[in-house]
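Colleague: So the chains spell out like this:
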Amino acid sequence: MSAQLTLQAPLDVPPAEVTPYLDRLWKGMLEGSSGAATFTLLVWEPSWLEQQLVRVGLIDGPIRGFDRSDLMTAARQAVSDCGLPLSTAPMDPRLAWALGQKPGHQSSADLRGQVVESAISAHMPRRLITLAPTLDAGRPLETMVAAYCPLPEEGGTGAACGDAVVLRGGMGAIQQNLHLIQPLVGDDLPCWVWWNSSLDEPLDMLEALAPLPRRLVIDTSLGSPRRCLDVLVARIDAGQAVNDLNWLRLRSWRESLAMVFDPPSRRDALAHVVQLDIDVEGDHPVKGLLLAAWIADRLGWHLVASRPIPADSGSSSESGGIAAEFERTDGVSVQFRLMPVPMGMPKAHPGAIVGLRLICEPKGRPQLCVILCSESGGCMRLESGGMAALELAEELVPLPEEHEEMEMARLLSGGHDSTNPLLASAAPLAARILPD
Amino acid sequence: MTTLLTNPLRVGLRQERVISPQCIVIFGASGDLTHRKLVPALFELFRQRRLPSEFAVLGCARRPWSDEEFRSKMAEAMADTIAEHPGAWEHFAQGMFYEPVDLQQSDHLVRLGTRLETIDRLRATRGNRTFYLSVSPEFYGSGCRALASAGLLADPERSRVVIEKPFGRDYGSAQGLNKVVQACAKESQIFRIDHYLGKETVQNILVLRFANTIFEPIWNRNYIANVQITAAETVGVEERAGYYESSGALRDMVQNHLTQILALTTMEPPGRFDAEAIRNEKAKVLQAAHLANEQEPWQCCVRGQYSSGGTAARPLSGYRDEPGVNPNSTTETYVAMKLFIDNWRWQGVPFYLRTGKRLPKRLSEVVLTFREAPVHLFDAAGGAPTPNQLILRIQPDEGAEFKFEVKAPGSGMRSRPVDMGFSYDDSFGEPSDEGYVRLLADAMLGDPTLYTRSDEVEAAWRLYTPLLELIEEAPWQLPVHPYEARTWGPAAADNLLAEEGLIWRRP
Chain L
1 MSAQLTLQAP
11 LDVPPAEVTP
21 YLDRLWKGML
31 EGSSGAATFT
41 LLVWEPSWLE
51 QQLVRVGLID
61 GPIRGFDRSD
71 LMTAARQAVS
81 DCGLPLSTAP
91 MDPRLAWALG
101 QKPGHQSSAD
111 LRGQVVESAI
121 SAHMPRRLIT
131 LAPTLDAGRP
141 LETMVAAYCP
151 LPEEGGTGAA
161 CGDAVVLRGG
171 MGAIQQNLHL
181 IQPLVGDDLP
191 CWVWWNSSLD
201 EPLDMLEALA
211 PLPRRLVIDT
221 SLGSPRRCLD
231 VLVARIDAGQ
241 AVNDLNWLRL
251 RSWRESLAMV
261 FDPPSRRDAL
271 AHVVQLDIDV
281 EGDHPVKGLL
291 LAAWIADRLG
301 WHLVASRPIP
311 ADSGSSSESG
321 GIAAEFERTD
331 GVSVQFRLMP
341 VPMGMPKAHP
351 GAIVGLRLIC
361 EPKGRPQLCV
371 ILCSESGGCM
381 RLESGGMAAL
391 ELAEELVPLP
401 EEHEEMEMAR
411 LLSGGHDSTN
421 PLLASAAPLA
431 ARILPD
Chain E
437 MTTLLTNPLR
447 VGLRQERVIS
457 PQCIVIFGAS
467 GDLTHRKLVP
477 ALFELFRQRR
487 LPSEFAVLGC
497 ARRPWSDEEF
507 RSKMAEAMAD
517 TIAEHPGAWE
527 HFAQGMFYEP
537 VDLQQSDHLV
547 RLGTRLETID
557 RLRATRGNRT
567 FYLSVSPEFY
577 GSGCRALASA
587 GLLADPERSR
597 VVIEKPFGRD
607 YGSAQGLNKV
617 VQACAKESQI
627 FRIDHYLGKE
637 TVQNILVLRF
647 ANTIFEPIWN
657 RNYIANVQIT
667 AAETVGVEER
677 AGYYESSGAL
687 RDMVQNHLTQ
697 ILALTTMEPP
707 GRFDAEAIRN
717 EKAKVLQAAH
727 LANEQEPWQC
737 CVRGQYSSGG
747 TAARPLSGYR
757 DEPGVNPNST
767 TETYVAMKLF
777 IDNWRWQGVP
787 FYLRTGKRLP
797 KRLSEVVLTF
807 REAPVHLFDA
817 AGGAPTPNQL
827 ILRIQPDEGA
837 EFKFEVKAPG
847 SGMRSRPVDM
857 GFSYDDSFGE
867 PSDEGYVRLL
877 ADAMLGDPTL
887 YTRSDEVEAA
897 WRLYTPLLEL
907 IEEAPWQLPV
917 HPYEARTWGP
927 AAADNLLAEE
937 GLIWRRP
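As they're listed, the protein sequences go chains L and E.
So the first sequence is numbered by the numbering used here: it starts at 1 and just counts up by one.
So the second sequence is numbered by the numbering used here: it starts at 437 and just counts up by one.
Where hints are given, some of them may not hold.
[To be verified] A partial selection of chain E residues facing chain L, derived with a Cβ cut-off under 7 Å:
| id | residue |
| --- | --- |
| 1 | L445 |
| 2 | G448 |
| 3 | S863 |
[To be verified] Just a few of them, taken from the derived set where beta-carbon distance is under 10 Å, the chain E residues facing chain L:
| id | residue |
| --- | --- |
| 4 | N443 |
| 5 | P444 |
| 6 | R446 |
| 7 | V447 |
| 8 | L449 |
| 9 | S456 |
| 10 | R485 |
| 11 | S489 |
| 12 | R562 |
| 13 | D861 |
| 14 | D862 |
| 15 | E866 |
[Stated by the list, open to error] Label-pair distances were calculated between CB atoms; the ranges are:
| id | chain 1 | residue 1 | chain 2 | residue 2 | range |
| --- | --- | --- | --- | --- | --- |
| 16 | L | E395 | E | G587 | 49 to 57 Å |
| 17 | E | D862 | L | G83 | 52 to 60 Å |
| 18 | E | V811 | L | E395 | 39 to 47 Å |
| 19 | E | R485 | L | D436 | 29 to 37 Å |
Please keep in mind that the hints were generated in silico from the structure rather than gathered at the bench.
All C-beta atoms in this analysis are idealised placements derived from N, C-alpha and C, irrespective of residue type, glycine included.
The whole structure should be built from the sequences, with the hints applied where relevant.
Modeller: Quick look at the structure:
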């Protein structure tokens with residue numbers, strides 16, 4: 001995927017001049033162009049990992065603010081250089097923090113907010129506002145403004161232009177100038193706020209950027225599990241339209257499991273589940289918990305109790321798993337275990353699902369064992385214990401490696417003006433399963 | 437499809453594309469289609485959470501109904517559905533409005549514009565509108581003109597118009613109508629509906645062909661001997677005599693539904709899955725199609741008309757005895773024909789199309805018959821080996837079936853045909869959406885992939901022009917053969933295939 005440059009070179013404009021400049025821009029240069037009647041996209045884009053990798057010289061600039069292949073390669077290398085467990089995902093915020101302890105003073109051009117991913121620009125945001133905090137916390141605020149016109153696809157209906165505004169500087173400068181945001185967002189179009197960072201960052205910034213009724217996009221794979229789930233649940237409870245990229249990445253798992261039970265001959269087995277096992281990469285359980293909570297919610301299970309499983313002293317995993325007991329609608333108990341699995345080549349985001357096993361005991365019929373495995377992980381651990389001797393339904397779950405920008409583009413294409421009801425039901429349950 | 441125990445894990449997974457805030461304006465809102473198909477489809481979309489909260493339906497017709505009367509008429513017609521979801525209907529109905537409008541009266545259009553602005557403010561629909569012309573076909577052109585002159589189609593991004601079938605009566609009138617509507621709106625705003633394209637199984641033809649590597653290499657003249665496309669109905673003309681007398685089976689079924697199935701079955705693979713790429717390929721293949729004998733069309737086409745039949749206990753009237761039908765009518769209720777497609781893929785492969793009313797079964801299917809094995813090594817239980825067949829069942833019992841030869845059990849080496857089947861019911865067990873649900877959603881999304889473009893419509897009419905001219909100018913050369921109700925059409929239709937040593941599939 002190629003990034004799309006803005007129509008004009010971004011212009012440095014003093015903060016107080018941003019709004020008047022945009023007015024002049026639309027009345028002058030862009031007069032006659034149809035302003036896209038779409039949405040405003042406000043992005044919190046610290047790109048700490050990319051900034052740190054550039055600073056220590058592991059990648060060259062410019063800093064762009066979205067995934068690039070050399071960034072992933074360098075990040076995987078940095079995991080071992082920093083002495084982190086090999087299961088650490090490249091996007092794990094702990095990696096950026098560890099890199100921050102290393103010396104280095106390389107600098108580079110910073111193009112955050114000045115290039116628009118074509119997948120996103122295809123949806124023609126009317127205004128793209130990027131907040132780009134720098135590693136230098138004391139750096140003063142710079143504001144830049146540019147217009148952009150996505151090229152219409154063949155057969156398209158002409159260019160509908162938008163503009164891009166970048167606020168770049170140290171955290172302090174950005175915080176002091178948050179009042180600039182509201183006039184830029186406006187009220188006539190929907191506004192999406194993409195928190196493209198860890199949820200462990202100070203919540204006051206998130207709260208300032210994403211008041212109701214703005215639509216919020218977060219990623220619950222980034223940040224401590226408890227914090228991630230608490231933020232997600234709090235926002236849903238507050239009635240905000242919340243989209244979680246971590247939940248969206250579960251799409252192929254939900255679809256694959258539903259597919260197993262599409263044939264009516266299998267459906268009865270769903271009422272007789274006795275055991276659910278989920279393996280996840282590394283020690284971030286949120287994705288696995290969301291998957292388990294979705295299953296439990298759809299099947300009407302009631303959570304009885306949950307507890308941590310201590311780390312096995314012989315295990316290479318840093319942390320243990322989670323065990324829980326559910327009660328089915330007919331009162332029968334369902335045992336759930338979520339186990340971290342060490343991986344040599346983890347996926348980009350922490351806590352990717354490795355495998356899922358569902359054991360059903362229909363009355364008077366043979367046990368059914370459903371095993372879903374990721375392409376990268378394999379099924380061997382879940383097949384052990386004689387499972388292969390049961391009536392077995394095994395599926396390989398395709399895991400397309402998609403960038404956040406692609407996920408974001410998918411969200412934007414769908415409108416999504418309310419929280420997905422499946423997520424709204426699963427998130428509170430996932431938060432309850434996670435032991436304190 | 438039958439509804440079986442719902443898969444609880446499937447619920448809510450179809451969160452595909454969400455329609456942007458808008459108002460759908462239905463002209464002809466007092467008509468049959470509105471309460472039978474359109475409003476039920478919109479309600480289904482609402483229940484599936486695929487409509488935004490900023491949504492409105494504005495019914496328009498000449499009758500002086502109020503909003504409340506419109507809501508209650510729709511509620512009355514949809515009582516069974518609403519009884520299952522009363523809360524949802526109450527919520528949905530809040531966004532339903534009605535405005536008495538005669539499209540020929542300019543002051544009515546002005547009033548309509550004002551009403552739409554009021555709805556925009558009330559329901560936050562942002563001036564985004566889909567106009568659905570569910571009116572008599574003679575008003576399609578003037579309806580579009582009226583909308584355009586009132587400025588309601590001025591914004592190509594926020595307004596679109598859906599036009600029901602039939603789009604024209606022949607090639608000339610379709611061309612004329614295209615000119616009129618294209619003068620009123622851009623092609624990207626015009627959605628010519630063919631509800632057959634909303635069927636899952638029709639769309640599945642594309643997936644079957646282009647998502648599997650095993651079919652496409654053999655999907656051509658080298659492997660396929662002939663193709664039969666059938667759309668059979670058990671019902672008679674029912675209450676549609678007024679319309680049907682002037683259209684007949686050729687205009688009512690063949691020019692649109694069967695031709696669309698033909699196009700999807702025979703088109704080249706598009707470079708990408710988008711509306712223009714797919715419609716380009718469909719238009720190209722239709723432009724390459726022609727009647728097997730254009731000079732003497734009576735040689736490759738048979739028309740029929742059902743006569744009385746049925747059983748002593750349940751006798752069925754003949755077409756000419758139906759209410760509203762001319763007792764001397766020569767309108768065809770059955771038509772069968774042979775076509776060819778002149779391109780590299782299909783040169784020399786005969787395509788047989790047939791459709792009729794009062795046939796023994798209600799079904800639509802595509803049957804691809806493959807060439808015989810070059811050498812018969814084995815005795816066949818039936819005398820000769822049965823050619824392989826791939827049968828795509830459009831409706832009912834949606835699915836696909838592949839017939840091939842296997843060794844018959846026993847000590848000899850005799851072959852016999854068996855079936856390998858795929859059934860939507862067995863694999864998915866969920867009823868698929870009504871065609872209108874999919875098509876209305878697509879129109880409101882501005883996605884024309886499943887709608888026919890102007891050149892497709894014209895190519896489809898041009899394909900049958902020799903027949904239509906013959907029926908008009910020398911109907912005695914294409915007589916209407918009577919056939920007994922609930923039989924598979926006139927014997928003359930069998931002769932179309934008999935010359936090639938073929939027979940119609942008896943499903």
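Colleague: Evaluate each hint against the coordinates.
Modeller: Going down the list of hints, with the structure as the test:
Of the supplied interface hints, the one on E:L445 holds, with its beta-carbon coming within about 4 Å of a beta-carbon of chain L, less than 7 Å. Interface restraint check for E:G448: the shortest CB-CB distance to chain L comes to about 5 Å, inside 7 Å, so the restraint holds. Checking E:S863 against chain L: minimum C-beta separation of about 6 Å stays under 7 Å; hint holds. For E:N443, the interface hint holds, the least distance from its beta-carbon to any beta-carbon of chain L being 5 Å, beneath 10 Å.
Checking E:P444 against chain L by beta carbon gives a least distance of about 5 Å; that is within 10 Å, so the hint holds. Interface restraint check for E:R446: the shortest CB-CB distance to chain L comes to about 5 Å, inside 10 Å, so the restraint holds. A cut of 10 Å between beta carbons decides the hint on E:V447: the least distance to chain L is about 7 Å, and the hint holds. The beta carbon of E:L449 is positioned within 10 Å of a beta carbon in chain L (closest approach about 6 Å), and the interface hint is therefore held.
With a least beta-carbon distance of about 6 Å to chain L, the hint placing E:S456 at the interface is held under the 10 Å criterion. Among the interface hints, the one on E:R485 holds; its C-beta lies about 7 Å from the nearest C-beta in chain L, closer than the 10 Å criterion. Among the interface hints, the one on E:S489 holds; its C-beta lies about 7 Å from the nearest C-beta in chain L, closer than the 10 Å criterion. The beta carbon of E:R562 is positioned within 10 Å of a beta carbon in chain L (closest approach about 7 Å), and the interface hint is therefore held.
Given the 10 Å rule on beta carbons, the hint for E:D861 holds: about 7 Å separates it from the nearest Cβ of chain L. For E:D862, the suggested interface contact is upheld, since its CB lies about 6 Å from the closest CB of chain L, less than 10 Å. At its closest, the beta carbon of E:E866 sits 8 Å from a beta carbon of chain L; the interface hint therefore holds under the 10 Å criterion. In this structure, L:E395 and E:G587 meet the distance hint of 49 to 57 Å, their C-beta atoms being roughly 54 Å apart.
Look at E:D862 against L:G83: about 55 Å separates their beta carbons, and that is inside 52 to 60 Å. One distance hint, 39 to 47 Å for the beta-carbon pair E:V811 and L:E395, holds here, with the actual separation near 41 Å. Taking the beta carbon of each, E:R485 and L:D436 are about 34 Å apart, inside 29 to 37 Å as hinted.
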